[in-house]
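Novice: One letter stands for each residue in the lines below.
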Amino acid sequence: MNPRHQPTLVALLAALALLAGPTANTHAQTRVSVGVTETIETHNPYGDSVSLLYGIWSEITGPFCTYSYSKGDFEGRLAERWKVENPTTWIFSLSKNYKFNDGSPVTAADVVHSIMTRVIKDPQSKQKASVAPSIVNVEAIDKFTVRVITDKPTAPLLSLLCDRLIVTSKAAFDKYGREAADKEHMMGGGPYRLKELIPGQRLVIAKRPDHPVAKKNPRAPDEVVYRVMRETEQRVTALLNDEVQIAQFIPPHLRQRVEKSPNLKITPVDSVEIMFLAMQPKPPFDKKEVRQAVCHAINRDQIVATLLEGFASRLDGPLGPGQYGYDPNLKPKMNYDPERAKKLLAQAGYPNGVDVELQTPVGRYTLDKQLTEAMIPMLNAAGFRARLLTPEWATLWASVQKGTIPFYYMGRGSVQDPSATLHQYFHTGETPRIGYSNPKLDELLDKEQQEFDPKKRRQYLSQAMSILTEDAPACFMWRHKLLWGLNNRVEYQPLPDARIYAIDMKVRR
Amino acid sequence: MPAYLIRRLAGTVPVLLLISLLVFLLIHAAPGDPTLMLLGEETNTAEVARAKERWGLDRPLHVQYFKFLVAAAGGDFGKSFKYAEPVIGVIKTRLPATIELAVFSIIIATLLAIPLGVWAGSKPNSWIDNLGTTCGLFGISMPSFWLAIMLILLLAGVLNILPTSGRSTYGIAGPERTGFYLFDSLLQRNWPAVWDMLTHVFMPALALGVNMLGILMRVTRSAVLEVMNEEYVVTARAKGLAEKNVVWRHVASNALIPVITVVGLELGTLLSGSIIVETVFAWPGSGSLLITALNARDYPLVTGVVMTYTMAFVAINLIIDGLYAVVDPRIRY
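Protein sequences appear in the order of chains Z and U. All the letters of the first sequence, read from the start, carry residue numbers 1 to 509 under the working numbering. All the letters of the second sequence, read from the start, carry residue numbers 510 to 842 under the working numbering.
All clues given are correct.
Calculated pairs, DSSO-like style, for lysine-lysine (alpha carbon to alpha carbon, straight line, at most 27 Å):
id: 1; chain 1: Z; residue 1: 265; chain 2: Z; residue 2: 506
id: 2; chain 1: Z; residue 1: 331; chain 2: Z; residue 2: 447
id: 3; chain 1: U; residue 1: 561; chain 2: Z; residue 2: 402
id: 4; chain 1: U; residue 1: 601; chain 2: Z; residue 2: 183
id: 5; chain 1: U; residue 1: 561; chain 2: Z; residue 2: 121
id: 6; chain 1: Z; residue 1: 282; chain 2: Z; residue 2: 342
id: 7; chain 1: Z; residue 1: 195; chain 2: U; residue 2: 601
id: 8; chain 1: Z; residue 1: 265; chain 2: Z; residue 2: 216
id: 9; chain 1: Z; residue 1: 96; chain 2: Z; residue 2: 71
id: 10; chain 1: U; residue 1: 576; chain 2: Z; residue 2: 121
id: 11; chain 1: Z; residue 1: 447; chain 2: Z; residue 2: 288
id: 12; chain 1: Z; residue 1: 71; chain 2: Z; residue 2: 215
id: 13; chain 1: Z; residue 1: 71; chain 2: Z; residue 2: 216
id: 14; chain 1: Z; residue 1: 215; chain 2: Z; residue 2: 506
id: 15; chain 1: Z; residue 1: 152; chain 2: U; residue 2: 561
id: 16; chain 1: Z; residue 1: 143; chain 2: Z; residue 2: 175
id: 17; chain 1: Z; residue 1: 331; chain 2: Z; residue 2: 282
id: 18; chain 1: Z; residue 1: 402; chain 2: Z; residue 2: 282
Calculated directly from the structure, the hints in this document are not laboratory data.
Can you build the whole structure from these sequences, using the hints too?
Specialist: This is the structure:
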């Protein structure tokens, strides 16, 4: 090479290195990027009601308390402990170690402000029905003790508050106003703080190393970047390229691409989302035998083994292992029995079959369309003349909520404690989603909601679920195993719901 | 020219009114309910009723529409149900990303399509003409969502030379000033951020621009073919001008008018195409915002975004009309 050209070449290479800089790994600290499927759209922590965001905001602001799947019970965090003073009054004692980003302690006044002003009274809140449906008042007993009053005995209150109640600073709200407090002065008492939020693109949280919970896990990442990636191909490719180290919800048919890489692994976890076929008690589903025939017609084991490649657990009732109130001895079990289904149909007055239309969302749940397509010939083999309809999700969901769809495939997430779900779908007059009514079931569901003795409450739940399985306003199908793609540099056990807690991650430095 | 502009601007009023009415009616007629989409799975009838009252959905449709019209006349599209912020503000934060994407798509499309079209048109039935025509057909027939996935698989997956999605890498860009990342980064002389932005925009811009590339290429080719037979081209050749000069100076410049028209028309297509491409590439622009708004049945936001697109389309057409006069001195308004 001509020596005169050497300085030019060196300068060119230096410029290229400078330009190529951002693609190299420039992390001074540990950082984990997570590809998530939900959109992150608003700075208002109370402006959305989805599992992922409840988890992220809870991590920034607490959480108030949390459900431990390993222990099968609730654990204290910001609320260290609690007691039931009387059936409509709960007392929560707050930890004195939780401090906002500015160093001020998280107090009872902040909890009162968060529940009463932000969740219940603020018209911009979308969380009242999910977090505080029965709470009528919250008051500070002293600086670190809160009294929560409900309008009726609410035994499952913890399932509504834990991992959901977001506690933000009253002082910041009073000083800056709602919008500026959320956008520019987000104060939280959790082990991470909000660092950046670009709606529709990403949310970044940074660890607060001095936080008491953060001190327990020094290997938790210093920063976590949640990147919105709705396309499955995108999440898988980003995982393979090390753009993200954790990818939510890898579909079973793409798992082999991930497993081929020596740096990656797939971690399956039983979801707490229960999948079911709902049947409104209108002809022909007004007859119990027809509903039972549907349940006996579907070969759940075969669908799980083939289409779902084993990545689902069959349900013999509304709940599976790990969910509160699960009873392994629940009866009856609606086993696959097409002959029995035919007889039941004949008993119901349909010896020559009956027309039914099954409606399903498309792309909302794992392989929803393919799974329901597989159900159609099974239903037909049992004597139904079934047709599959696939409306757009917004249309289907609005119709389900209004009670205008007689037969549909649906999922219900966040079922740690089944109380809210059972009331929502099966209690008389609660919602028109199924329109089912059974006074005996109503009585049991009312009792379980007012029963604070866990043993008795489980018994009521078990009896209620037995009635449901036998009377079959819904056929309970399966819980999907959610597949998470993980880089080997990160140790993390995904949770059965869509929550992600960065503080539970461990990064290999 | 001023009289022409006033006439054209006056003509846009009924267009905007009609579009607003259509969008308003269609989104309200679509099955689905914003209260049920936004209030969470555990919502109840009382909550839904309160939300409907708060958002004005309990009023008759014509009352809602006239309220919207009166507010829109003052530049206010109302408050988004989902974001609980003024629609204009929400759109403003997302529009720069879409404009940036559209500009890069046009750059890619025109830089490739015009030379290829001129070359193909000036040498009909040659191998370059066949290649150009094939490329044009490929561009026109390629669905952008499919191409987007293929690009991710190839450029991000197999070759691993570009990021899969997003608009920037966290931690590289400086503080945002205008919302236009490239412009902001150039202002700050943040070269790593400029490079980062270019690597992020390339795939979505290509996926979005390929269709326009195909159409532009074909239009340029036919325009060139037509101009090649004009007498002044024969004269230019007779004068002994080099073929390169004939083609690029006399033919290409005179073939530009239909090309400009198509660029104008295709800008509208780019805006609508961005809805899909932005969703696939998690590009936080107004296209992905529209999808979010539609899924949530956020009526004010859907109407606001569509009206913004309509106004942009009308404005682009006005500009294109103005450009005719620049390109062809014979045209006067």
